[in-house]
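> Hints are included, so try docking the two chains, each in its own frame, into the full complex.
Chains P and U, in that order, are what the protein sequence lines are. Numbering-wise, the first sequence is residues 1 to 77 according to UniProt numbering. Numbering-wise, the second sequence is residues 1 to 687 according to UniProt numbering.
None of these hints come from the bench; they were simulated from the model. Each hint should be verified, as a subset may be incorrect.
[What the hints assert, rightly or not] Between beta-carbon pairs, the in silico distance windows are:
1) A605(U) x H8(P): 20 to 30 angstroms
2) T71(P) x M161(U): 30 to 40 angstroms
3) R31(P) x F216(U): 45 to 55 angstroms
4) P74(P) x A249(U): 24 to 34 angstroms
Predicted, not measured: the structure shown is a model, and the values here were computed from it. A virtual CB, placed ideally from N, CA and C, is assigned to each residue, including glycine.
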Amino acid sequence: MSTATTTHTILRAEGFSCPSCVAKIEKQVGRLPGVESVQVHFASARIEVHHDASVTTVDDLVAAVAKAGYTARPSAF
Amino acid sequence: MNPVQKVVRGKWFIPGLSGLLILASLLVDRTIGGELTARWWIDAGAHATGSDVFTLADLLMLLAAVVAGHQIVVKAVNALLTRVIGIDLLVSVAAIGAVLIGNFWEAAAVTFLFAIGHALEAATLNKTRSALAELVAVAPDFAIVLRDGEQVEVPAGQVAMGEIVLVKNGAKVPVDGQVVAGTGAIDEASITGESIPVEKAKADQVFAGTVSRGGFLQVLATGIGADTTLARIIHRVEEAQDAKAKTQAFIDRFSAWYTPAVMVLAVVAGLISGDVVLALTLLVIGCPGALVISIPVAIVAGIGRAARNGILIKGGEFLETSARISAVAVDKTGTLTEGRPELTDVVVLAPGHDRASVLRWAAAAEAGSEHPLARPIIDAARAEGVATEGIPEGVTPVPGKGIVAEVEGRRVRIGNPPLLEEHGITEDNGAGRAATELAAVGRTPMIVAVDDTVIGLVAVADRIREDAPEMVRRLHEAGVDKVVMLTGDTRLVAEAIGGATGIDEIHASLLPEDKLDAVARLQRDGHTVAMVGDGVNDAPALATADIGVAMGAAGSAVAVETADIALMGDNLLKLPEAISLARRTARVMRQNIAIALITVVVLLAGVFAGGVTMSIGMLVHEVSVLVVIVNAMRLLRNQTRPTVPGRPAARRYRPRRAWHAGSPVPDGDSAPAPRRAPRAVRSSARR
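In isolation and in its complexed conformation, chain U is listed as follows (with noise of 0.2 angstroms):
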């Protein structure tokens, strides 16, 4: 397209000709003001232009009005073909009428303020679904692909599954994959909405649209082209943005009667009152544009706000629930917890034993279970150096209990008090006191016996995220009365958990089904209810939850897909922030349809009353418009408290474990521990 062309096309050139036409034409009017033609329009009493002759000023106004409103009356006309009553139709009505009766000034009036208002309207509307944009933009157009050792740069699309892709120091990833060679960090914002890069490694998956902020990392490709997470993202996101809330499918109901009402009042009044213009004033102020499109403005931008920070939510319509949300249902571990258990405590019992004999025994004989438990022992005994080689003979788990194993010839117990009662040992040396005090504080005991002698304790507990309380806290803030913990753990542990955390409710030794109880439970209360969890054990539960909610979702292709919100970071208090998103949403289509139906009203009365003319009315109307939208913008905005820290910190450079969904415990060599110290430097960051 030439630059002439370019103008031409743009939707700001058919407005701004009419306008200077309008323009012109009061120049004229001023100084010219000569005759043209005689008259030929038909008598309209004191509504005409008042003189007796079509002047070179009329003439130019009537170009105005066709210049701005031949494209209305287009697509008025292909409205009409589809069978659409719709406000272009009003406003060629109004307008053809206008200049029937001579009133060049009020059809030009109203034309043109229809087309900039419409110009203005899609620029603005641009702007509230740039959020999306902001995604698209984001995915990735070509890559380096390693073929036959050769580094050959192809489309993003091209790349093939299995393929190996080079990740060079400010590239963005191409595709999905895993990390296979290399080591760098990556900025995973567009994803996860996190902006602190991610040190990734060996077996670390990456995801297409991410950032290399340094570092060079060969990938196999897992996900191209639409089976990436940025591409399940977006279409989530659109499919959102598509799906109408339950307001709106009112509203669409609404209009279907209202627009064609519109038109019977007009005639009706015209034929009562004899006034032609009264009948075409309200034509053009019964348009109902701010009230079509008060819901769909403020749901693109909801969800497009959600989304650039890392929150998926489905529709418009649990968009809606969201904001009503009074109480939320979390799942202990993974989400209070770090889902990984951690050996905390040795307590040595028995005279002849220290530290490293009680954890190497309980190790040795742990090393044949296949218990969750075990796992943190075994680690803990190896990281310390006191771990056997060689498996023990004959393991018998006792379930519920513990397990009884063969270690060098001797018979080694390792569990809770039950255990020891079943096995005939009287004589605990005070594990049983000391066991009550560990599970006081959120831990779980095991006692170690050897050859019936009771040796000590170890203690395994999942750590409490550090922004828990925080999650807990601002949840109450963003206005939930309720924040209850549903665990499958013991009640101790539980309570220990959930004084910590500040949780309103516990609800301990769950089952699945029981989870789903709690859950229906709240909702008989009257709560409309959000249920956090991992989507397997708490399927139920998440169903049956007016909002589901996954946590983490990045790395997992089904809670995209599934959840009702899915949280694509592994940060808690995105959940809060949801949240209150999904109120503020709420509240500003609320006001939307105030300000529309107020405008309508208002305007109705003016002209009743007298007083508002078509133009004045088609201006008032059109502001209404924008108010409207701009209304719905200021969700795109930034809270006053983001919860990733400000520009400056997040740019700086902080490597931090991977997360990953799914992915199995990491094993020995790459111990939890270095996740800590990001968490703190987040925290501290934000106050």
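Looking at chain P on its own, in the form it has when it is part of the complex (with noise of 0.2 angstroms):
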């Protein structure tokens, strides 16, 4: 087990629309290396996400998103 390394980041997004939205970035985030799992809150619009910070950065977990299509912002809480 690799969970000394993993950080748990949580990023909040604009524009779900649809719960069909979550299966597409739970795939994009999903298929970084270092991602372990993605959850994608859709009523709340927030993704939560495992990772090995040193592998995948936060930044590159926004832009996965983005290539998904939506806009996310890391946030603290």
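This is the structure:
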């Protein structure tokens, strides 16, 4: 287990309009190296990611979400 | 992102471009209408464009359909890959079908309307999330920390526990903490929903995300980052918004079957009638969009609205249950009353004594007692300057009756009438009658006897909160049948308070497990019960009730996490507000389901009766989705009668004592008196 290096990052996104965006974002972000798990909460437009920050940075995550077509900002909690 | 990219990425770009192409196509059709190439599509009879040529107008229309439709197709394919048959697939099949039969206008109209509907949906849905966004936005960005005697500005998340943070006038409090020096007024609206600034002084608690309205505070950080009350509130609200209500789960199951059923229906209808357009139209109008969105949108709006007013609701399910509340059980102490007894009466019964001497003897004896009723007597004696120095000798508590103490060589007894009986004092100077009278008005009397002579009485009472009667009245107004008081106090005291507040039913002299029984009995009578309590001795009853409500939860992490509804402030009127908001939310959910179902039924009937084309179906359908969202957005509006005074009054600076859950009863020098004035101000501002 590489849990020692895993960071928990929360992104807040804009413009979720359909539950199908959830699968899309989860796939885009999940494909990144170092990402262990992604959970997208539709109702609150929140994306929770467990990832290895030394492999994939928070900026990479934001970029991946952007590739799926959504703007996201990292959030402290 | 440069401006061009911004526009292209924006949610309005695709529907906008598609719309322009449709307009251009219509214009070209009117003005030029020229041939472009020979006709190449499948002939579908009367539904085709009717001309035998593929015009420039057709090309533009096709382009419009491709621009608006390609995203939908991509989404549909993505969804299919994750084995979800959704609305996108229905629209894609319909649009592609329309193109294949040469019905470019229908294809363009359907995809355009769908795209614009989605953009509108996204915009309005964001709006319903705005309540939460506001909460997130109050999260402070930076903090001024005192390090080695110097002021250092750091990001709010980098403050360490135990550091001293400076809060200046107009600044946001960056951490949860305790004031160690300075005074200031703090606007806690973001946490408690109360917009009247609270005066903070040493030892008071402050919360991250609140705003200084004056003064200068030094705060010892006790909670940072995700460990602040604000972060917990945001988490709670988000979890609540994501948690599915029972109705929502039903809708999910329903739509999982519904969409494939619509496809089967369309295929069957197409095969039987041989009419491809009919089949495609059925696909479009069968989209469950409004139905799928009807519940979550109401829950998000309802929970968000509540949070903005300092009411945390655990989730959609609790929102639905709260809408059915028919009985409210309240714990007396701390809910209907201030939870802080004060001396109310001193009665002199023996010649040669006066108020001061009765109070002095009582206080002297009680100085050795830990009973909660001792504190108000000692405080009052100190305030009136009659307190004695030193401690009594030989203090003997008599459980349930009072105490006996040796003071200055004399035997002092203080307690209820049974205490005198036990000690064989029969000459009570009328103390028994006076005690009954005091108890009848809700006070707890204690007879004071010195050397076997009754010299007088002192009485202590917990003051009724000023807004308690108003709360009971508004609960009834919100549709609650029964408001029940549960208390461990004696019946006489309980009845006096019940009478003054308009409570429907009183259960007195209860032990914690009796409170649970009382709640369970209400449930057996068919009530949906909400229980309001402080979460400690009421815990069993709170757990049994359908909805457990914690008050003044801002200061208590446990309350925020455990209660089904947590009222962040200390305002009783938030409870009726929460219930009526829950009712309104439940009403909106039902309306939304009705709107969605009626739309589909009417459209279906329209298709079979003829007259409803694919694009009309799409239009009506998208309108129904928007109606559902706008309906939910009504919840975000303030109610006609807010529980906090209007803006002008709220902005005026009115200091009041801070209240904090879980803090010990304040000692003598911070007497509770200042709490009175602002309450009166608030209630008068409401009228």
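> Indicate, hint by hint, whether the structure satisfies it.
Here's how the hints hold up against the structure:
Distance hint check for A605(U) and H8(P): the Cβ-Cβ separation is about 52 angstroms, which falls outside the suggested range of 20 to 30 angstroms. Range check, T71(P) to M161(U): about 33 angstroms between beta-carbon atoms, so the 30 to 40 angstroms window is met. Take R31(P) and F216(U): their Cβ atoms lie about 51 angstroms apart, and the range 45 to 55 angstroms holds. For P74(P) and A249(U), the Cβ-Cβ distance of about 32 angstroms falls inside the hinted range of 24 to 34 angstroms, so the restraint holds.
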